[in-house]
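**Q** Generate coordinates for the entire structure from the input sequences, incorporating the hints supplied.
These protein sequence lines map, in sequence, to chains A and B. Taken in order, the first sequence gives residues 3 to 405; the numbers are from the numbering used here. Taken in order, the second sequence gives residues 39 to 172; the numbers are from the numbering used here.
Do not rely on the hints blindly, as some may be mistaken.
Straight-line Cα separation of at most 30 Å, DSS-like style, residue types lysine-lysine; simulated pairs [what the hints assert, rightly or not]:
hint, chain 1, residue 1, chain 2, residue 2
1, B, Lys-139, A, Lys-125
2, A, Lys-185, A, Lys-17
3, A, Lys-17, A, Lys-120
4, A, Lys-185, A, Lys-329
5, A, Lys-116, A, Lys-185
6, B, Lys-139, A, Lys-120
No wet-lab data here; the hints were simulated from the structure. From a predicted model like this one, the values you see are computed outputs, not experimental measurements.
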Amino acid sequence: MNTVVIGAGMHPWGKWGKPFIEYGVAAARAALADAGVSWTDVQYVVGADTIRNGYPGFIAGATFAQALGWNGARIASCYAACASGAQAIDLARTRILAGLCDVALVVGADSTPKGFFKPVGGKRPDDPDWLRFRLLGATNPAYFALYARRRMALYGSTAADFAAVKVKNAACGALNPMARYRKPVTEQEVLASPMVADPLRLMDICATSDGGAAVVLASAEFARRHGISRPVRLAAVSTVTPTFPNTTLELPAFATDSAAAVSEQAPQLRIPAPERPFRADIAHAAYEEAGLGPDDLSFAEVYDLSTALELDWMEDVGLCPPGEAEKLLRAGDTTLGGRIPVNPSGGLASFGEAIPAQAIAQVCELTWQLRGTAGARQVAGARVGLAANQGLFGHGSAVIATT
Amino acid sequence: MTLAIDGWFTIGDDGTHLLGTRCADCGTVSFPPQWGFCRNPHCSGETQEETRLPRQGTVWSYTNACYAPPPPFAAAEPYTPVTLAAVELAEAGIIVLGQVKDLTVDELRVGMELRLTHGPLADGPLVWMWEAAQ
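**A** Okay, here's the thing in structure tokens:
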């Protein structure tokens with residue numbers, strides 16, 4: 003039994019200043035039209051929550067369902083930081099696989115304030131997300147920068163390497179009508195942009211955006227009944243958590259787990275060390291579920307919150323061994339027309355992050371690429387695509403879709 | 039002397055120390071302190087003891103905030119970039135993030151030794167900070 007993607011739709015990313023509901027409804031209507039499914043026939047709606055838009059954002063499933071006109075469908079709303087959209091997709095997929103429904107709509111949308119993401123308001127000294135700002139002034143880019151500097155120290159990566167990621171992604175984004183930034187950029191422009199969190203400059207870091215994305219999922223049988231031939235198949239959705247001890251400093255933490263319990267200092271504990279770091283685990287679980295591996299991929303969409311992080315992700319999803327991502331980048335392997343294009347959509351570099359919509363947008367891109375309808379940014383002969391992301395508090399996701 | 043947060047660090051004659059917890063059953067160290075259940079999934083321990091983390095470690099990575107972070111951070115006026123370092127405390131097997139006192143990113147490198155001290159936030163309360171180990 004398979005779950006298939008029969009509709010994909012987005013509201014263009016930007017800074018439009020409208021309520022998130024408008025973006026979500028526009029995306030939902032586009033996805034339903036794409037699927038040829040009437041809203042009144044949808045049996046299950048899942049909304050990916052936004053935490054910066056008041057109560058309607060916390061119950062996004064109901065908010066979108068009401069805005070589309072109550073149709074009696076069952077609903078769910080979920081929040082998993084940057085992976086919210088993937089978790090919403092997984093909820094719908096699971097219900098379809100369980101035989102509890104045939105067709106489901108998944109929607110995520112966000113409307114974001116200007117500037118750095120800051121914690122939700124009020125004095126909340128028990129909330130680590132509030133405390134990291136209060137005690138350290140540690141913004142999201144600060145964490146991205148720690149990873150980037152670590153990469154430079156471990157592998158000799160340079161600011162020019164990071165800039166080359168932006169140049170590549172901006173070139174793809176220029177071809178994507180849904181992207182917010184559609185202008186090619188040069189390495190010099192990136193290197194001349196203001197430093198935000200050393201070694202990352204403004205153009206190394208993804209913006210915060212408004213946007214909406216939706217997919218219509220269905221059972222393969224429903225698709226057949228509706229005359230949809232060869233729909234894109236959801237081969238895996240991984241939403242695994244880290245394995246203790248997680249020795250990477252994760253957003254928004256003050257410290258890692260202690261590895262002492264798995265070290266030689268504590269042999270009496272006999273606790274196995276995790277086989278691989280968290281981001282690699284996320285992808286590994288998806289590969290296992292799909293019965294596929296990195297060599298099977300035609301392209302990958304990875305969560306380039308910063309340019310440097312795209313290089314980390316390439317290694318985490320197994321495109322190359324640790325420390326070799328720059329080689330692939332510089333050889334042109336990851337650009338459009340290359341051996342394994344990474345972020346043919348333009349990535350977060352071209353979109354900016356609309357948190358609850360972003361993982362759904364990744365699946366929209368997988369769908370269009372695998373249908374062969376991605377236009378000027380089409381990956382030739384795309385058969386298998388992977389989308390990966392990571393959010394705060396141990397959330398992350400990887401989705402594999404196939405023709 | 040007001041601490042910006044209670045129970046996470048202590049200032050005494052023998053210097054500033056980060057306060058963590060150590061599981062009485064398995065020895066897992068946690069920072070910030072985790073009272074109650076042990077975070078080690080293989081351990082059912084519920085008794086935590088306060089422990090002082092090592093005061094000195096090596097830089098795992100570092101960065102700065104070139105623009106003033108948003109509230110609830112209290113930014114100094116005029117603002118000068120805050121330096122941050124993630125410091126690996128090998129004996130405890132843990133990496134702890136903190137502000138860095140009197141060093142810019144140009145003076146830091148991965149692997150260099152830093153030790154714990156404290157300093158004020160712009161609105162007064164004290165917080166733990168890393169400083170050059172001399």
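**Q** Each hint: holds or not?
**A** How the hints compare with the structure:
no., hint, verdict
1, Lys-139/B / Lys-125/A, "26 Å, holds"
2, Lys-185/A / Lys-17/A, "16 Å, holds"
3, Lys-17/A / Lys-120/A, "17 Å, holds"
4, Lys-185/A / Lys-329/A, "25 Å, holds"
5, Lys-116/A / Lys-185/A, "21 Å, holds"
6, Lys-139/B / Lys-120/A, "24 Å, holds"
In this structure, every one of the numbered hints holds.
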